[in-house]
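Chain by chain, the residues:
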Amino acid sequence: MKPLPLLKLLLGIDINGKKNSLQKDMCLAIPGKIVEMDPNDQTPFVQTALVEVSSVRRRINIELIKDEELKPGDWVLIHVGFALAKISEREAQDQLRILSMLGEDKQAMEELQGYSMEEEKKNIKDTILKNLI
Amino acid sequence: MQYVDEFRDSRLIKKTIEMIQQLADPTVHYRIMEVCGGHTFSIYRFGLHDLIPSNVELIHGPGCPVCVLPMGRIDEGLRIAEDPKVILTAFGDMMRVPGQTGSPLVLKAKGRDIRMVYSPLDSLKLAKEHPKKEVVFFAIGFETTAPATALTLLKAQEWGIKNFSVFCNHVLILPAIRAILDSPDMRLDGFIGPGHVSTVIGCRPYAFVAQNYKKPIVISGFEPLDILESILRILRQLKEKKSEVENQYGRVVLWEGNRTALKLLERVFELRSYFEWRGLGFIAQSALKIKKEFSYWDAELRFGTQGITLTDPKAAQCGEVLKGVLKPYQCKLFGRSCNPEHPVGALMVSSEGACAAYFHHVYQKTEV
Ligand code: SF4
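In the order they appear, the protein sequences are chains U and L. Counting from 1, position 25 in the first sequence corresponds to residue 25 in UniProt numbering; the numbering is continuous, with no gaps. Counting from 1, position 82 in the second sequence corresponds to residue 82 in UniProt numbering; the numbering is continuous, with no gaps.
Read the hints as simulated data drawn from the structure, not as lab findings. One thing to keep in mind: the hints can contain errors.
Claimed, not checked - Calculated lysine-lysine pairs in the DSSO-like style (CA-CA distance at most 27 Å, straight line):
id: 1; chain 1: L; residue 1: 125; chain 2: U; residue 2: 86
id: 2; chain 1: L; residue 1: 263; chain 2: U; residue 2: 71
id: 3; chain 1: L; residue 1: 241; chain 2: L; residue 2: 14
id: 4; chain 1: U; residue 1: 66; chain 2: L; residue 2: 125
id: 5; chain 1: U; residue 1: 33; chain 2: L; residue 2: 155
id: 6; chain 1: L; residue 1: 155; chain 2: U; residue 2: 86
id: 7; chain 1: U; residue 1: 66; chain 2: L; residue 2: 291
id: 8; chain 1: U; residue 1: 66; chain 2: L; residue 2: 155
These numbers were taken from a predicted model, which means no experiment stands behind them.
Build the full structure now, drawing on both the sequences and the hints.
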């Protein structure tokens with residue numbers, strides 16, 4: 001019998017799940033660390049912050065948690081480009097770890113950077129080919 | 001990472017499993033529903049269903065936004081994209097969901113302008129950049145995503161962006177839970193409550209589950225230990241004959257939820273009297289509609305929708321799987337004509353869909 005995934009985890013073996021590159025999830029939120037508040041924000045009425053997730057940076061909207069006093073160094077939970085909640089560093093680390101265990105971390109990065117058109121084109125080609133077969 | 005040890009502590013996990021074994025009465029068959037697709041994914045990924053006693057059955061709920069979208073709505077959105085002036089934008093996990101005439105990805109390959117976006121605000125930006133085009137955002141998702149759409153609509157109004165509109169398919173988790181509780185073929189003992197939806201709505205709205213239906217509900221995080229602890233808490237409540245709303249995910253979810261987000265929802269949306277859910281049928285007041293004040297940006301009004309309802313392919317049993325009546329592998333198409341390469345139903349597309357999660361983490365592993 002093959003060991004179960006969690007048992008593998010208990011035994012300290014890393015799980016490297018194969019993941020279809022076309023699958024994107026929207027439900028899992030990604031933790032990010034605020035690097036800068038409102039960096040060169042020219043648009044009025046938009047409150048943004050520059051966040052960093054494993055060295056990838058993106059501007060995200062922080063209006064949903066505008067009541068929190070946010071400052072660089074704080075961690076937030078990001079969902080579809082919006083900070084949804086302020087979280088502790090500890091929680092952020094836990095989330096990052098579960099993302100990587102779930103094999104979602106690379107994808108989360110990809111989403112954070114925005115989708116790469118090149119890859120998308122290739123995927124479409126693959127899909128057409130598959131549908132032809 | 002000095003903090004992670006506690007969660008990774010295998011002893012803690014083993015201990016929790018032991019405690020679950022002690023609490024679960026072997027003569028009782030427990031049925032616990034995890035509402036959120038993220039939990040389904042975690043459960044299969046870590047094989048949690050195999051670690052708990054076999055009389056504690058985990059039932060997968062309707063909390064996967066693309067899975068519950070009926071085919072008619074997908075076709076309706078794709079029909080809007082037929083207009084050569086339209087750029088249809090959608091989240092990545094929508095791209096492969098099959099409509100009757102094909103998925104957004106297939107139609108994109110046939111020449112329609114359909115683009116993936118990461119955030120609804122990116123769609124608005126796209127509209128700004130392409131003033132001659134009509135940008136339509138295919139909005140899906142539960143209370144987690146709806147505030148982002150609400151804010152985007154506010155911005156569209158504020159900035160007077162006229163060539164942008166939203167095809168709104170936002171649904172609410174609570175009416176779905178109620179529908180499942182009211183469904184005659186369902187017998188459930190408790191719920192693992194959704195984590196990230198609750199960061200928005202908080203814990204209070206679940207009170208009806210505990211008070212009216214007398215079922216325990218524990219809002220849970222996504223770590224293996226979180227889910228196991230939530231199962232333990234549900235079993236403990238059942239043993240003590242209690243039914244309460246508990247917040248296991250207190251480190252992220254506030255009891256009150258996110259007020260700003262809730263106010264935004266109220267400002268921009270109102271309840272639809274009915275909305276069709278795949279598998280669950282029409283549920284009263286279960287989805288959001290754009291308010292009159294913002295109707296200018298409502299794609300349904302701008303392009304006119306026809307209220308298409310389509311029945312799923314006959315042999316597909318997505319409905320039963322969504323309701324938790326059948327397990328993914330009990331669907332006649334599972335692994336045969338329906339697989340992640342050629343999905344028949346949306347549950348096979350999103351990795352939060354029960355069928356895809358089962359296929360990737362259990363089925364494929366045992367087949368090889
Ligand atoms: S296997 Fe395919 S057709 Fe059957 S329930 Fe799952 S998604 Fe639907």
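The hints, checked one at a time:
1. Between residue 125 of chain L and residue 86 of chain U, the direct Cα distance comes to roughly 26 Å. Compliance with the 27 Å bound is thereby established for this hinted pair.
2. This hinted pair checks out: residue 263 of chain L and residue 71 of chain U have alpha carbons roughly 24 Å apart, not beyond 27 Å.
3. A C-alpha spacing of about 26 Å is found between residue 241 of chain L and residue 14 of chain L, which places the hinted pair at or below 27 Å, so the restraint holds.
4. Straight-line distance between C-alpha atoms of residue 66 of chain U and residue 125 of chain L comes to about 22 Å, which keeps the hinted pair within the 27 Å bound.
5. Of the supplied pair hints, the one linking residue 33 of chain U and residue 155 of chain L holds, its CA atoms being roughly 25 Å apart against a limit of 27 Å.
6. With a C-alpha separation of about 23 Å, the suggested pairing of residue 155 of chain L with residue 86 of chain U holds against the 27 Å cut-off.
7. In summary, the hint linking residue 66 of chain U to residue 291 of chain L is supported, as the alpha carbons are separated by about 24 Å, within the 27 Å threshold.
8. Between residue 66 of chain U and residue 155 of chain L, the direct Cα distance comes to roughly 16 Å. Compliance with the 27 Å bound is thereby established for this hinted pair.
Comparing the model with each earlier hint shows no violations; every hint is respected.
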